[in-house]
Each structure stands twice: as structure tokens, then as C-alpha cells.
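Take the sequence shown: its position 80, counted from the start at 1, is 80 in the numbering used here, and no numbers get skipped.
If you are wondering where the hints come from, they were derived from the structure by calculation, not from laboratory data.
Keep in mind the model is a prediction, meaning the values are calculated, not measured.
The C-beta atom is built at its ideal place from N, Cα and C for all residues, glycine as well.
Warning: the hint list may mix true and false statements.
Here are the in silico distance ranges between beta carbons for each label pair [as the list claims (entries may be wrong)]:
| hint | residue 1 | residue 2 | range |
| --- | --- | --- | --- |
| 1 | His274 | Asn117 | 27 to 33 Å |
| 2 | Ser213 | Asp32 | 53 to 59 Å |
| 3 | Asn69 | Thr143 | 42 to 48 Å |
| 4 | Thr195 | Thr143 | 30 to 36 Å |
| 5 | Arg68 | Lys196 | 34 to 40 Å |
| 6 | Gly276 | Tyr181 | 32 to 38 Å |
| 7 | Gln251 | Asp29 | 16 to 22 Å |
| 8 | Asn211 | Leu239 | 23 to 29 Å |
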Amino acid sequence: MKQIPIRKITAQLNEPIVSGRFSIRSVADILDGSDLVHDLHRHDFFFILALQNGAGTHEIDFTNYEIRNNSVYVLRPGQVHRLKLKAGSAGFLAEFDSAFYHPTAKPANQRLTRAANKNFCAFEAENFKKLQDLLSHIFLEFTLKQEGYAEVIKADLDIFFIEFTRQSSNLKEPARPGSTYAQERYEEFMELASTKIATHKKVAQYSTLLNLSIYQLNAITKAIVGKAASEIINEIIVLEAKRYLLATPNQVKDIADQLGYEDISYFIRFFKKHTGHSPESFRRLSIRPV
């Protein structure tokens, strides 16, 4: 069973007391005058691509975005993407794992989660400059590696995500009315579902893990995203199936097994019901150059 290709962060921090990995690079240095093309793959780390100017395409979990000036792309671990970036693009690419930056304070952790669920946001030039300045300072700290630089980077990341969520909150979609409690429980549900989907496909299983009733869990998901919990579970299953279909050559029966389906016929019917295509048809129609 071939796994989806996973890219790793190469930068190891120099401070022995600092755990985790972090990297930040200038996009212009990465490109070095040439186009960049990354085929479909996934990360086990967080990924921030902030472009002051650029051209190309960025496909994240099968949603395609045209590269725009003053834009930020945030990926969370487990997502798949492919990227085509034209020469002349400029900005920063930052990568970090949860061992390096995973805020324990609830507000900061929620901001990271919200930002990572956003994936893409384009900003007004003045607002983008605030984010760019923070990344420039992070880049300088990472380059010089003076005493305490890792702590400065983490503090700057705190501020970056404050600015990102503050500035992006009204740019794309109106926020749904929902209490802070509902938002927190929804995020817990999503985190559980993203890691347990192969063995947990019923709403009752998640409501038990979250110490909620099925009614309470459905009320929370409807308040936050307007969907029943079962709809969200089905969407996560379909998304993970798409990831394996397009990022690996695995046979459908192996993908079904990976997702916890013993009956391949049932899996094919489920996938077709939710996409309009059989798995093989979806793979055939979707495989294309970036």
C-alpha cells in the first residue's frame, strides 16, 4: 500500500533546548529565477506561503486557487496540495511542526486552528504589509540565530496569527453566530475526525469521545458551519479518498481498506453517491497537469 508522498522540513534548530523543526525561506531564493512545480503531496507540518507578488496556481485539497498578489496560503498537517509558482514571485515560505509551535494557551491555539482551516486569503496591500513585516522579522531572527531566537520566532508567530485572523475574518464569508464554547467543541470534533476517520464513521462515536449527546454535537456543527455532524464525517471520508486516488497509484480496494471499508462495493457506492463518479472514474477525470 503506497502512502501519499510526505515532504519533510529540513531545517533543524541549533538550540539543544528547543524541540521541533522550523524553517523560513525567501520565495525569490527558492525560485532562483526559475518556475517551481511541486506535484501532489502532503505535509506533516504547518505551511505558510505569503506572497507579496506572484503568479501561478495552488491547489489545496482539490480546491484550485490562482496565485494573487498580497495573498497568504496556510496548510495544516495532513492536507494535500500541488503548487506551480512562476519565476519572479516574491514573499516568504515558513514551515513548522507542532513540536516547535503549538500554543498551549487556548486563544492562541484557536487562532492557529482557524487560520489553518482558512487555507487562502487575499489582503489589501496595507494589511498584507503587517503580515509581511512579521515574516521579515522572523526571517531575520532565523538567519542570525542569536540567543533566544526561537522564542522570538514563536512570539512573532503568535502575533502573525492574531493579525491573520483579525484581518481575514470579514474578507471571505460572514461568520456564523456561534458561541466560543461551540467553536471550541467543533474544533475538537474536527481534530478527532481528521485522525480517527478510518475507525470512527458514526456520529455516536464522536459524541461519546467528546462527552456530548448526538443532539448536542449536531447543534454545534449546525451552529458553526450549517451542517449536520454526519455530513461533515462523510465529507472527510470523501476528501481522504480523493487524496489517495490522486496522490498514489493504489488500487481502489487498497484505498477502501485504508479507510476502514471491508466491503469494496459499499465503498464504491458511497464514493459515487457523494461525488457522482466511481473512484476510478474520478481518478481518470482528475489526473491532469498543474
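Verification of the hints:
1. Range check, histidine 274 to asparagine 117: about 21 Å between beta-carbon atoms, so the 27 to 33 Å window is missed.
2. Hint check: serine 213 to aspartate 32, Cβ distance near 56 Å, so the stated range 53 to 59 Å holds.
3. Between asparagine 69 and threonine 143 the Cβ separation comes to about 25 Å, which falls outside the hinted range of 42 to 48 Å.
4. Evaluation of the 30 to 36 Å hint for threonine 195 and threonine 143 yields a pass: the beta carbon distance comes to about 35 Å.
5. Range check, arginine 68 to lysine 196: about 35 Å between beta-carbon atoms, so the 34 to 40 Å window is met.
6. Checked against the hint of 32 to 38 Å, the C-beta distance between glycine 276 and tyrosine 181 comes to roughly 37 Å, which is consistent with it.
7. Taking the beta carbon of each, glutamine 251 and aspartate 29 are about 41 Å apart, not inside 16 to 22 Å as hinted.
8. Taking the beta carbon of each, asparagine 211 and leucine 239 are about 26 Å apart, inside 23 to 29 Å as hinted.
When each numbered hint is compared with the structure, violations occur for hints 1, 3 and 7.
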